[in-house]
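One-letter residues, chain by chain:
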Amino acid sequence: MTALLEVEDLRIAYGKIEAVKGISFKVEAGEVVTLIGTNGAGKTTTLRTISGLLKPVGGQIKFNGRSLRKVPAHQIVSLGLAHSPEGRHIFPRMTIEDNLLLGAFLRNDREGIAKDVQRAYDLFPILGERRRQAAGTLSGGEQQMLAMGRALMSQPKLLMLDEPSMGLSPIMMQKIMATIAELKAQGTTILLVEQNAQAALSLADHGHVMEIGKVVLSGSGQDLLHDESVRKAYLGED
Amino acid sequence: MNELPQQLVNGLLLGSMYGLVAIGYTMVYGIVQLINFAHGEIFMTGGFGALSVWLILPGGTTMWVALPLMIIGAVLVATTVAIGAERFAYRPLRGGPRLAPLITAIGLSLALQQAVWAWYPEAKSARTFPQLSGGPFHIGNVTIQTGDVFLLIAAPVCMAVLAYFVNRTRTGRGMQATAQDPDTAKLMGVNTDRIIVIAFALGAVFAAVGAVAYGLKYGIVDYKMGFLLGLKAFTAAVLGGIGNIYGAMIGGLVLGTAETMATAYINHIPGMQQLGGQSWADVWAFVLLILVLLFRPQGLLGERVADRA
Chain R
1 MTALLEVEDL
11 RIAYGKIEAV
21 KGISFKVEAG
31 EVVTLIGTNG
41 AGKTTTLRTI
51 SGLLKPVGGQ
61 IKFNGRSLRK
71 VPAHQIVSLG
81 LAHSPEGRHI
91 FPRMTIEDNL
101 LLGAFLRNDR
111 EGIAKDVQRA
121 YDLFPILGER
131 RRQAAGTLSG
141 GEQQMLAMGR
151 ALMSQPKLLM
161 LDEPSMGLSP
171 IMMQKIMATI
181 AELKAQGTTI
191 LLVEQNAQAA
201 LSLADHGHVM
211 EIGKVVLSGS
221 GQDLLHDESV
231 RKAYLGED
Chain V
1 MNELPQQLVN
11 GLLLGSMYGL
21 VAIGYTMVYG
31 IVQLINFAHG
41 EIFMTGGFGA
51 LSVWLILPGG
61 TTMWVALPLM
71 IIGAVLVATT
81 VAIGAERFAY
91 RPLRGGPRLA
101 PLITAIGLSL
111 ALQQAVWAWY
121 PEAKSARTFP
131 QLSGGPFHIG
141 NVTIQTGDVF
151 LLIAAPVCMA
161 VLAYFVNRTR
171 TGRGMQATAQ
181 DPDTAKLMGV
191 NTDRIIVIAF
201 ALGAVFAAVG
211 AVAYGLKYGI
221 VDYKMGFLLG
231 LKAFTAAVLG
241 GIGNIYGAMI
251 GGLVLGTAET
261 MATAYINHIP
271 GMQQLGGQSW
281 ADVWAFVLLI
291 LVLLFRPQGL
301 LGERVADRA
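Chains as they are written, first to last, in our numbering: chain R, 1 to 238; chain V, 1 to 309.
It is worth saying that the hints were derived from the structure and are not from the lab.
There's no promise every hint is true.
Distance ranges between label pairs, derived from CB positions [to be verified]:
| # | chain 1 | residue 1 | chain 2 | residue 2 | range |
| --- | --- | --- | --- | --- | --- |
| 1 | V | Arg94 | R | Ser218 | 56 to 64 Å |
| 2 | V | Pro182 | R | Ile17 | 22 to 30 Å |
| 3 | V | Gly84 | R | Ile17 | 36 to 44 Å |
| 4 | R | Thr95 | V | Leu8 | 16 to 24 Å |
No residue lacks a Cβ here, since even glycine has one placed at the ideal position from N, Cα and C.
Kindly generate the complete structure, drawing on both the sequences and the hints.
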């Protein structure tokens, strides 16, 4: 059986500068896979390329056995690939409810959409309480909840989360991580990019450590969590 | 001062015509941050589209039959020109330096004027536009000219349709999303290239309705009509807060009213007797623009720049 997402020897450049220098990894259905690494390692660039916002200079991305090479960005979500971008990028001047509805932009089943909006409110009650409020008025953590809820609205086969804990208070970070654990328990397949390696690896089935455009180490979440070099470099231990 | 209600109505009618054209500036700016300076000429081609339909119709056709067809003709011509401009003049420059599309817009504007001047039959001077019959109408001591009745109905209808479209339809929501964050809109499945075309087309539809209103109001269309009106409408868009569609209409109404009031009353102020009259109307409109740019550059309903980030 082929994996849900297969990335093979992916190369991405900004002009002449190669940001991602031939990385390969897989995400199997039902798994949580994490890419960890410092700023500038190419994690966000990789996700933006999978989503079609950037064009690779080489390599293959296959989703559900299908090459994404010729698929424009706005058609990616309809294949079952949702992306909650770094920095949240909610639509600030639209209501929370309209933000969620945009997550279901290409769906036509009114009842199913209404049900999923309700599901997002069940998952994040604060969003339900403020559904008519402009999304820009939410706190950072609430915006992150909205970004995740919005990504789920497309009923994705694979959910890509880019730095969901970035800039959040420790309590809010815990909440977000608990939600990701809950989504995992419900069987959602997740590709998680994080700088918070500890939290990401504890959740993940597989992890890949990226450094300046390359995968330098791969393994199960638990193995990486206990790997000495990872502990030194990313978990702040000597 | 008992002519005040009349002046107010005149100002609001003029302003709603500015507002109709201003929507096109503001929508395109909101989506692609481009001032489409050829929009005034798109408006003008709409006027000639309507006139062409009238000329094709058999003589003796009543305006009740002709007007709807003329509106359709205006809309078809203006949207074709707008979509063509987007596709062939602006799209190839997208992602390039900001100045390039601006200069292209000015060039396109001249080209459209000259094309009509050179090729439209007898368009080297103004051409007579057919008029509605009946009227004028009196409400109390306010008179509404027959030609203005169209504006009185069309402007609110257009605004209502636009508000419904932007807030209640899926495409409208996609349009708002594209204006606020184009990359993320793509992640949601919004075809942003298509949204840009729709913004140009929709702006042209309202400009075309505005052009029919212009023809009915002034009784002529002319290859230069888009220049000054385009500048006024652009002023209205800036006045209301560029990028904000309600701002465009409100900016239009404020501009039309201010211009009309200043024209009618400023010469009553001692020492300013020689500044009154129609010849000063444009001056007051642009004085207002300068004041807004100085004291409230984001416009009346302008968004705080902070949440653009």
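Hints, one by one, checked against the model:
1. Checking the proposed 56 to 64 Å range against arginine 94 of chain V and serine 218 of chain R shows it is violated: the Cβ atoms sit about 40 Å from each other.
2. Proline 182 of chain V and isoleucine 17 of chain R have their C-beta atoms about 24 Å apart, which keeps the hinted 22 to 30 Å range intact.
3. Judged by the Cβ atoms, the range 36 to 44 Å given for glycine 84 of chain V and isoleucine 17 of chain R holds: they are separated by roughly 38 Å.
4. The given range of 16 to 24 Å is broken by threonine 95 of chain R and leucine 8 of chain V, whose C-beta atoms sit roughly 36 Å from each other.
When held up to the earlier numbered hints, the structure conflicts with 1, 4 and fits the remainder.
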